[in-house]
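**Student:** One letter stands for each residue in the lines below.
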Amino acid sequence: MSPALPNSFRSGPDERGHFGIFGGRFVAETLMPLILDLEKAYAEAKADPAFQKEMDGHLKHYVGRPSPLYFAERLTEHLGGAKIYFKREELNHTGSHKVNNVLGQIMLARRMGKKRIIAETGAGQHGVATATLCARFGLECVVYMGAVDVARQQPNVIRMEMLGAKVVPVQSGARTLKDAMNDALRDWVTNVHNTFYCIGTVAGPHPYPMMVRDFQSIIGIETRQQLQEVEGRLPDSLVACIGGGSNAMGLFHPFLDDPSIEIFGVEAAGHGLTQLHAASIAGGRPGVLHGNRTYLLMDEDGQIQEAHSISAGLDYPGIGPEHAWLHETGRVNYLSATDEEALEAFQLLSRLEGIIPALEPAHAIAKVTELAPKRPRDHLMVVNLSGRGDKDVPQVGDILKGRNK
Amino acid sequence: MTTRIDARFAELAKQGRSAFVTFVMAGDPDPATSLDILKALPKAGADVIEIGMPFTDPMADGPSIQAAGLRALKGGMTLKKTLEMVRGFRKDDDATPLVLMGYYNPIYIYGVDKFLADAKSAGVDGLIIVDLPPEEDTELCLPAMKAGLNFIRLATPTTDDKRLPAVLANTSGFVYYVSITGITGAAAADTKAVGEAVARIKRHTRLPVCVGFGIRTPEAARAIARSANGAVVGTALVDALRGSLDAEGRATARTVTAVADLAAALAQGVWGAKQAAE
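Chains A and B supply the protein sequences, listed in that same order.
The opening position of the first sequence corresponds to residue 1 in our numbering, with each subsequent residue numbered one higher.
The opening position of the second sequence corresponds to residue 406 in our numbering, with each subsequent residue numbered one higher.
Fair warning: there could be bad hints in the mix.
Straight-line alpha carbon distances no greater than 20 Å define the calculated DMTMM-like cross-link-like pairs of lysine to aspartate or glutamate that follow [claimed, not checked]:
| no. | chain 1 | residue 1 | chain 2 | residue 2 |
| --- | --- | --- | --- | --- |
| 1 | B | Lys485 | A | Glu300 |
| 2 | B | Lys607 | B | Asp565 |
| 3 | B | Lys567 | A | Asp37 |
Note that these hints are calculated values from the structure, not bench results.
Please take these sequences and the hints and turn them into a complete structure.
**Tutor:** The structure is reproduced here in structure tokens:
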């Protein structure tokens, strides 16, 4: 039975960090006092106009916001349906949306007097953003990254090291994002006194899912205003890829209470939903991991399964708890795209628009190629182009070269 | 309601000594060997036994216990089989308290009410669930109390006086003081600091306080047992087990004795400590 629909989709979480049954604070006691401190510090910062003003200044002059809202003319023509706009988060400093959240958390860490920053990273985009802001503000930075991801996202590893961060290759489990998060949590438990854990997505214990969402909501807030300026109205649909779901939540959240807008999240279907994949909503069920209750890929004993996606940034067996709730309430439609579909979209976008997307948003583009043709020409569709593909060029180049032999 | 845990600590208090608490991973390296180890522990001097429930993502555990859990899972261990193991142990031993320790997800997926009923009937006495702080008491802690199982909470160096009452509120059986901020198997704690922390917790509760994390040797166990009601050893036993395995990670003829011998030496350490009169 689906839960009763709320009056607003934007009022969560409750004071205990719950979105319906999802979210919460499932962490070791060692971390609990710090998590409560963090919640308090964030509430104070949010209410402090000076904090917001400083953040706005950095967002404008350092990150380069607002990011453009771009009419993808040739893709629109090619698909022959909806009018497609890209929210160009890939043009931000460091090359993705991740920097929006990292800036907020680093400013909060400074406010709390924490000098050592740790982060987990999958594709390396969050790691690069964290390393960048730690360099900018003179903080120590340690990034946990699965050994498999270290190998497939080398350009980002090199960038992080150039920025002065220490990259720790994680050898446990499947050696991808989930395991990087485990080791980051282990570091945090050990160094809780001086360390701030900068989580890269809308997951983890409360207040992280809410806080990261708030910092990323600038994507949707700008989109609303920019589309108003060029089209004089709201969009008809939104599309974004989902690993943990921070770029999607950032775009979606400001529009959740506009019922006419269709919203699509795109998970990574890997080799296909009946095989290895990373689509937690399509192939998982509610469970508890990494501090929150959410949809997870697991076996019948509750053991977490290894995810698979061509995209390191989506290669995670869970999803943010607010997405789990938006799925159960039916407000957001969750679809999935396979590795193969993402690769095709990656090439299509490169050739049609002169934009090499990251493999993560290539999943969103893949679904746009199915959704847009079925919609009329006056339908306005906004896609979050959450990251650029420079980091994926060697990996995709190798795959394509292998095929042409 | 008196549980086996309450009875055991009352008995030890009469004898004027602290408890030797052991941790082993259920199903490591296979279910049969694991049950043999479990049966050998009381004879080796274990007063209370914590049984790890294997989980793929043990966020508070170091490399040794992570590896033990993965060995057990690879050997086909499940939560259901862990409960069967408890049942097997109870055939011959109705006195040694058994505490299941692990993470919430496998229990949540098993179904909380069914798990509590099955655990109780199998002969489990208490639960230590690392990722369930007091803020999530409605999930498992309160139902466990209702089902007659002790819910043993972890207190840590970051649990200050202001927070301690909340941590202790629904705790029963004993309090597990995590002697360091860190993961299992990490560096040893400073004995003096542990003594002060135990005294601080005891100002807030009448429950026994056991100390774990970082205790590897009989000497360290003895030092801790001087101030605490119990010393918990896990990683050292798990390491002894691992050291006895063959190149493929299978049990050998030495596996059970490797764990039991170390447990016996550690028990001597704990028993050598005369507990200060309270």
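**Student:** Decide, hint by hint, whether the structure agrees.
**Tutor:** For each hint, the structure was consulted:
| no. | hint | verdict |
| --- | --- | --- |
| 1 | B:Lys485 to A:Glu300 | holds (11 Å) |
| 2 | B:Lys607 to B:Asp565 | holds (13 Å) |
| 3 | B:Lys567 to A:Asp37 | holds (13 Å) |
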